[in-house]
Structure formats: C-alpha cells, structure tokens
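So the protein lines, in turn, are chains A and B.
Mapped onto our numbering, the consecutive letters of the first sequence carry residue numbers 1 to 97.
Mapped onto our numbering, the consecutive letters of the second sequence carry residue numbers 1 to 393.
If you are wondering where the hints come from, they were derived from the structure by calculation, not from laboratory data.
One or more hints might be untrue.
What the hints assert, rightly or not - Okay, derived cross-link-like pairs now, DSS-like style, lysine-lysine, Cα gap no bigger than 27 Å in a straight line:
{"id": "1", "chain 1": "B", "residue 1": "283", "chain 2": "B", "residue 2": "314"}
{"id": "2", "chain 1": "A", "residue 1": "9", "chain 2": "B", "residue 2": "232"}
{"id": "3", "chain 1": "A", "residue 1": "37", "chain 2": "A", "residue 2": "63"}
{"id": "4", "chain 1": "B", "residue 1": "244", "chain 2": "B", "residue 2": "18"}
{"id": "5", "chain 1": "B", "residue 1": "204", "chain 2": "A", "residue 2": "3"}
{"id": "6", "chain 1": "B", "residue 1": "251", "chain 2": "B", "residue 2": "276"}
{"id": "7", "chain 1": "B", "residue 1": "18", "chain 2": "B", "residue 2": "232"}
{"id": "8", "chain 1": "A", "residue 1": "9", "chain 2": "B", "residue 2": "204"}
{"id": "9", "chain 1": "A", "residue 1": "29", "chain 2": "B", "residue 2": "221"}
{"id": "10", "chain 1": "B", "residue 1": "5", "chain 2": "B", "residue 2": "241"}
{"id": "11", "chain 1": "B", "residue 1": "276", "chain 2": "B", "residue 2": "5"}
{"id": "12", "chain 1": "A", "residue 1": "9", "chain 2": "B", "residue 2": "158"}
{"id": "13", "chain 1": "B", "residue 1": "285", "chain 2": "B", "residue 2": "310"}
{"id": "14", "chain 1": "A", "residue 1": "3", "chain 2": "B", "residue 2": "221"}
{"id": "15", "chain 1": "B", "residue 1": "285", "chain 2": "A", "residue 2": "29"}
{"id": "16", "chain 1": "B", "residue 1": "158", "chain 2": "B", "residue 2": "18"}
{"id": "17", "chain 1": "B", "residue 1": "283", "chain 2": "A", "residue 2": "9"}
{"id": "18", "chain 1": "A", "residue 1": "9", "chain 2": "A", "residue 2": "86"}
{"id": "19", "chain 1": "B", "residue 1": "158", "chain 2": "A", "residue 2": "3"}
Said to hold, decoys possible - Short derived list, chain B residues pointing at chain A, Cβ under 8 Å:
{"id": "20", "residue": "99"}
{"id": "21", "residue": "207"}
{"id": "22", "residue": "220"}
{"id": "23", "residue": "223"}
{"id": "24", "residue": "306"}
Even glycine gets a Cβ: it sits at the ideal position worked out from N, Cα and C.
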Amino acid sequence: MAKPMEQYKWHELNVGCVIEEVGNALEYKTGDWRSSKPVWDEEKCTKCGLCWLFCPDAAIYQKDSGYYTANLDYCKGCGICAKECKPVAIMMVEEER
Amino acid sequence: MSIKKGIEVSIAVADAAKLARVEVVAAYPITPQTHIVEHLSEIVANGDLDAAYINVESEHSAMSACCGASATGARTFTSTSSQGMELMHEILFIASGMRLPIVMAAVNRALSSPLSIWGDHSDIMAARDTGWIMLFCENGQEVVDSTIMAFRIAEDRKVLLPVMVNLDGFSLSHVIEPIEMPTQEEVDKFLPPYDPLYTLHPDKPVTMGAYGMPELYTEAKYAQEMAIAQSKDTIIKVMDKFSKQFGRNYKPVETYNTDNTDTVFIALGSINENIKTAIDGLKEKGKELGLISLRLFRPFPEEELVSALKGKNKVAVIERVMPGGASNGPLFNEIASVVLRNGLNIQLENYILGLGGRDVVPEEFQRIFEILHSPKKKTQKKENNFQVIGVRS
Chain A
1 MAKPMEQYKW HELNVGCVIE EVGNALEYKT GDWRSSKPVW DEEKCTKCGL
51 CWLFCPDAAI YQKDSGYYTA NLDYCKGCGI CAKECKPVAI MMVEEER
Chain B
1 MSIKKGIEVS IAVADAAKLA RVEVVAAYPI TPQTHIVEHL SEIVANGDLD
51 AAYINVESEH SAMSACCGAS ATGARTFTST SSQGMELMHE ILFIASGMRL
101 PIVMAAVNRA LSSPLSIWGD HSDIMAARDT GWIMLFCENG QEVVDSTIMA
151 FRIAEDRKVL LPVMVNLDGF SLSHVIEPIE MPTQEEVDKF LPPYDPLYTL
201 HPDKPVTMGA YGMPELYTEA KYAQEMAIAQ SKDTIIKVMD KFSKQFGRNY
251 KPVETYNTDN TDTVFIALGS INENIKTAID GLKEKGKELG LISLRLFRPF
301 PEEELVSALK GKNKVAVIER VMPGGASNGP LFNEIASVVL RNGLNIQLEN
351 YILGLGGRDV VPEEFQRIFE ILHSPKKKTQ KKENNFQVIG VRS
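The shape of chain B in the complex, shown without the other chains:
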C-alpha cells in the first residue's frame, strides 16, 4: 500500500520516471528543471534503474537523442525549461511528426529577455503547436500521476505521439508537497512494457523520417493531425483507468464551484490552486466564482470546455504569457474561437499575470472578480484587449 510523504516535486517526477521503468534519458540541465535530471542521473548511476543516461551538449542534442532512442523502441524520457525548450524547438516537431512516444516533463519558465529563471508560461506557449499532447498540473500529486499516465497515453497504438507534462517552475518544481507515490507493483500493473509498432533494427530495416514530396506532405500532416485529434478518446480512457486503479480522479477539463455561478475563470497550471483559495474566500463573503481548469491543453478539449461553459456569461481567461503582438493571449484566442463557433453568449475577458515569477496571491484573483463585475466605462479607451494585473503604471 502506498503512503503519502513529503517530497520535493522535482524528485517525485524523477521517481515517477523510474517507476515507469524508462530505458533512455537524454537531458541537459537548466533551471528550474535541474533537480529532475540530476536525480535521474543519480538513480541511473547508482544502478537503481536499468537505463541509459545520455549526457548531451545541448537541448537540441537532448531531443535528438530522445528521437533516436525512441525510434529504436526504448521508453524515453527527458525534461527541460524555457531557453532549453526553445533550443529543442525544431526537434519537437520531428518527434511528433515521426510519432515517437517520448515523455517530457516541461518545467514552465519565462523566456529571455530580460533574463529570468522564474516561472510563467512563455516557453510552453511558444511550443503549443508542435504536435505534442500537453497536460497541465496543479500540484505535485498531479505531476506524478500525469507522468505515469503520459507513458500509457503516448505509447498506445492508437496514439503514438509525444506527451509533455507541464509543471510550473519553482511554484511546483521546487516545493515539498505531500505526495502519494505509487508502488512499483502498482505502476507495473498500470503501465505495460512499451511494444513499439516500428523499430530501427538491422534485422528488419525500415526508413524513418524520409523526405515528404509535395505529393505526400499534406496527407502525412493530415494523418498526424487526425492522430492528435483522435487521441482524446484514449487520453480519457487512460485517465479513467488511472482513476479506477489509484482512486484519484482525472478528466481533461476539471471544474470547481461552477454549478453555483455564471462567472468563471479559466486558467492553466498551479495558479489554479490559488484561484480555488480565492473562490473559497469569496464564498465566505457570499460571492460565487467558478473555475475551469484545463488539465488537457493539446488536443484542445473543445467538447468538454463547451459543456463546462454552458450557462456561464462572464468568463475571465487568465494567462501567464504576453501576447507578443497577437490580439490577445493564446489561450484567450482559442477559447474565443470555441465560444464563437458554438454560439455561446459570453462576456469574455483576458487577464495576464504571474509573469517571470511574480507571485499571484488569492486576493489578486478576488480583485479580478471585482473588476469583472464592475460596470464598464465605455467612454474610456482601452490600451489593450487584455489587462495586465499588477503592472505599475
């Protein structure tokens, strides 16, 4: 029987990869991912895990080595952050295009410049359309569970796509949380050994990553798009199976206190726990706010989001990234297209906060709730389509 113990989330991620019996790890250290790969390196060096740990000279090489390893049929794991994710950017597309079920712990951090080692979602939002399945986590337990589920999802014959498990830099990666680590026996029962469809092996040679002529490229990319779109069914099945075996429930879209109100926030990652605290605080004052948390970000869970949005009329999309010249933040724009396509009559607002590690306390979310409910000054011209919370002006 597994027990709950206090453990640093990064260490728990490495332990989860060990429990998944990964066979190859190729990674390059970068703050705030460092503890994950350091601990994995230790586990492998101590002989506690029968895996190859490939030391590489960059993240570009790390992801390239992961592609090669995964192509041979090895269960492959890596982790990165921020600039590291940018450096492996081109190989992210190759991993998904070649349908290699690599699992990556993406420890979300801001991008330079200015140089920042702290958390936000700039890195993952720049990688959001790389064809990877993407899960977001609110706490350490979710990170551990998602890492184990990620292998099962990625390696399913109907999926065969790489999966990123997103956890916020520092606010998740470096905190010590009470986590129930599953036992090896339990994980073995949940996660069968990887049975690859194709492998690079001299006994049965195949070509992987060949040239795609104009006559074939469209069909190839369409097949890949269909694979990620259809992966949602498998993701739900894996989440259900996990919930049944381990007793912790997972769904692509989770809601908190949405039944009692027409006002909801939508956000990703660890800030959702602060939003929940804000919601509880508002409740004590007789005010009702709900939260829609997207655990699954890619493929985008439109159906589940629409059913969560039914009957809501004030929705704040909260993001930890600057739009970079876009009309709004990336999550807002996607939700806006879902709202439009489904004919939902919703007042949709976009708030940006928590950039480069700036703390966002529950009171901040309560203030957003008040802003959302205050009468709009129509005469005042807005500087932007979004509001940056806490910016000094």
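If we strip away everything but chain A, and leave its shape as in the complex, we get:
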C-alpha cells in the first residue's frame, strides 16, 4: 500500500477493496505473532528442502551455503518445518519479548 492502512479514508479505497499491486502481502509483517522460532542444526541438516516446501508462509529460504533458515519478519512459529524435518535438524526455541 502507498501508505499505512490506518491512514486510508473510505473514499480512497478501490471499489470492492481490489488490490492492484501484486504481492503487497510482503508489506504486512506477521512475524510478531510468533512465540517460538525454528533453529537449524546444520550438522544434522541434509539440505533436502522439505522445510522450505512445507512452510505455509514461504518464510523459509535457502542461504548461499545451501542450508535453510527462516525470515523472522514472516515466520509465525507454527512449527510445521520442525515437524516435517526427517533428520530432526530443526528445533523450535521459545522466544521472550
């Protein structure tokens, strides 16, 4: 969005609230919903990419080294990656804020 959503007046919204910008969900950072974050043990990780595949938010990405990590701006800490990881290389670590 061109400006934060709480600044929009009713007549500034598109008809039917259609969003014309592609992929602007990126602007909405949902990482602060999280209570625990995934931590990878690169000793155990086989770089199979199952975590990347299963992440429902596309918050996991592959680093240049080939190992995976989570973008914490979007990771909601659901734990699906840790649950699906065959070599048990992902631990969910509780966070305190």
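Model the placement of chain B on the given structure of chain A, informed by the hints.
Chain B alone, transformed into the frame defined by chain A:
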C-alpha cells in the same frame, strides 16, 4: 416493433436474460424458480445464446460460481428461491462486498418449516440486508423490464453492485401473461456490453476479496454502504431511460389513487395488483383507498416514500412474512422509522397475510380497509402489534 404475446413469466425471465446477452449462468433448480433455469439451460444448449451454463451441486456453489464469473468480467445471471436463497446467504454478502454486478431473479417463496413450496416473502426478507439492490415486481411485464434494467443498474460504474429482481412464486412465476418482449436490437441499444472496472486476468493480476484488518474493515463497509445509498440516482436515471425508450414508466415508488384519499396501503410485489382491484371496487361504493407500491426496496427510497405519505393519516403496511419475534414485520419497522424521523402524524397499522401461498382475494383488502376505519376498542388488549389476516382462531 415488439408485440405483446402470452408467455409464462418464468420463460419470459429466461428470455430477458438471453436478450441481455448474459455470458455466464450458474444456478441450481428449486421450485418455483425451476422453469427459469431450465429454459436458460435449453437456450444455451441449443446454441441460441453464447454463454457458459455452469451446473452446480448447490445454491452455495451457484452463487460462488457467479462471484468468480463476475470477477472475470462476465455478465452473470442466476435465479433462486426460498431454501436455495438461504443456502447461498453467506455468498450474497460476498457478492455485494466485492461489488460484483450479478443479476438474480429471486422467485419469492416461503421458508421451512413447515415445508412449503408456495409463495410469500420469507426468503427475501431474510436476505434484505445483504447489500444487494432489490426491485419488486407486480406483473410479468415488470419482471421482464426490471431484469433488463437490472443489468444496466448493476454494471454502472457508479453502482457496481448485485441486483435482485423479486417476483412472487407461482402467482407470478407460473402464470401466463400478455408480455411485450423487447427485440434484441432494442435491448442492445439500451444495454451496452459490460465494461468491468477490474477483472481477474493473468495479464494484469489483482487481488479480490482480500483480508480486511480492523484498521480497514470499517472504511471498506462504509464505502460499500455509500455505494448502495448513492445508487438510487443511477437507478432513477436507468428507469427514466427505459421509460423513454420503451414507453413503460418506472419509478422507485409508484402510487395508485393516492390523490383522492388520506388512507393508503403499502405493500410489495404481486399482491399490489389485487389491492388495485380492491381499490377500484371500493371506489364503486364511494370509498377511497390509495396504494403506495415500493418497486425499489434496497436502497430504501425514503425521500420518495415521504413525499407519497404527505397528507396521509391512516396507513396499513401489508406484509407476507411473520416478524419472527420482532416487534412488527420488517417493512413496517422501516416505514415506522421513516415516519418518526420525518415527523409525520400517521396512524400506522401492520397486517400480515398471504403466507405460504395462501390466496388473498381483493375482498380481503376491502376488509382491511374496513378494519382500519372501524373505531378502536381501547379496552381490549391486543395479542400482537400486528394483525394476521385470515388466521383461524
């Protein structure tokens, strides 16, 4: 030049949709809407209309498919009744919220239970606040004309809202009436092809129906409310344009014999023709009664109603639905708020009749006229705020 011919109203509705060159129809059959969708299915299958007819497994799917089709920019039509309208209820809000100009022929029928396939206004009154524009019709000609006007209203850039054309089950849908069907050339002249503002298309992707956070939901719903409130100007313009081209006059609120009397009935739909017959009968006996017919129900035509009510002091609001625990019928309550807000000094009464297909003959309305004029027994405690006409007690 178009000619008047005898035609079943349901068939005429389907033909009107064909004349409007609808591109997608998604519907599920339910009595008494069946003939409309059967005939449309036939028209499409015979290759007489270049449209996609989507067979669906329920009305919930029918309205969902209509939303999808309309979002791609197709002119979309459906029809339902009663339980079917209930089943599509949640999608009705989505169609209006997403501002999709779908047109629906709503063939008004009672709701279960008890199971009834017959006509009344229970279904439409349960859907009255779904954000759809709603037109009511008294006869087959009005249904045909309203269906054609509905597309023009719905698709106007200033409106972009779905429209329901209400016709009473059986007493309209299944009767053969003399109807003047406009020609294709005339309808093409009146109704330009739909030019959508946004479309779902991979070449120019957009998001429709996205999440509305608490920071935006109020503004989004307010914008929608303003759109339906302001749609009345366009509706009047479209009615005027239709009247000019086809010579049949339409207004949001119509009156009959209201100049001669301070007593009027207000009602919706096909019973208004019976009320007019009752009015003519009363006139022969030297008694004067008027009728205010709301052709437009949503947006509620307050201004027009107030001017029709000026100088009236006895008004009976006649409805074909039970209040379901409300203080009165839904139409009465709305009219009461209009009367109160505009400081009108009117004795307002509420009569309920014609439920689940029970016939209401003109004599019944003449009796209501007599009840309205009989002195009130103040000592007798009333059971309800409304009177149910013809209930055996």
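Results of checking the hints against the structure:
1. B/283 with B/314: Roughly 17 Å separates the two Cα atoms, so the pair holds.
2. A/9 with B/232: Holds: residue 9 of chain A and residue 232 of chain B sit about 23 Å apart, inside 27 Å.
3. A/37 with A/63: Roughly 17 Å separates the two Cα atoms, so the pair holds.
4. B/244 with B/18: 22 Å, holds
5. B/204 with A/3: 22 Å, holds
6. B/251 with B/276: 17 Å, holds
7. B/18 with B/232: 26 Å, holds
8. A/9 with B/204: Holds: residue 9 of chain A and residue 204 of chain B sit about 26 Å apart, inside 27 Å.
9. A/29 with B/221: Judged against 27 Å, a Cα distance of about 24 Å means the pair holds.
10. B/5 with B/241: Within the cut-off at roughly 24 Å; holds.
11. B/276 with B/5: Since the Cα atoms of residue 276 of chain B and residue 5 of chain B sit roughly 23 Å apart, the hinted pair holds (cutoff 27 Å).
12. A/9 with B/158: Distance of about 18 Å is within 27 Å: holds.
13. B/285 with B/310: Within the cut-off at roughly 25 Å; holds.
14. A/3 with B/221: 20 Å, holds
15. B/285 with A/29: 76 Å, violated
16. B/158 with B/18: Given that 27 Å is the threshold and the Cα spacing comes to 25 Å, the pair holds.
17. B/283 with A/9: Answer violated: residue 283 of chain B to residue 9 of chain A is near 55 Å, above 27 Å.
18. A/9 with A/86: Given that 27 Å is the threshold and the Cα spacing comes to 49 Å, the pair is violated.
19. B/158 with A/3: Holds, because 25 Å separates the two Cα atoms, which is no more than 27 Å.
20. 99: 4 Å, holds
21. 207: At 4 Å from the nearest chain A Cβ, residue 207 of chain B passes the 8 Å test, so the hint holds.
22. 220: Holds - the Cβ of residue 220 of chain B comes within 8 Å of chain A, reaching about 5 Å at its closest.
23. 223: 5 Å, holds
24. 306: Interface hint status for residue 306 of chain B: violated (27 Å vs cutoff 8 Å).
Hints 15, 17, 18, 24, counting from the list given before, are not met by this structure.
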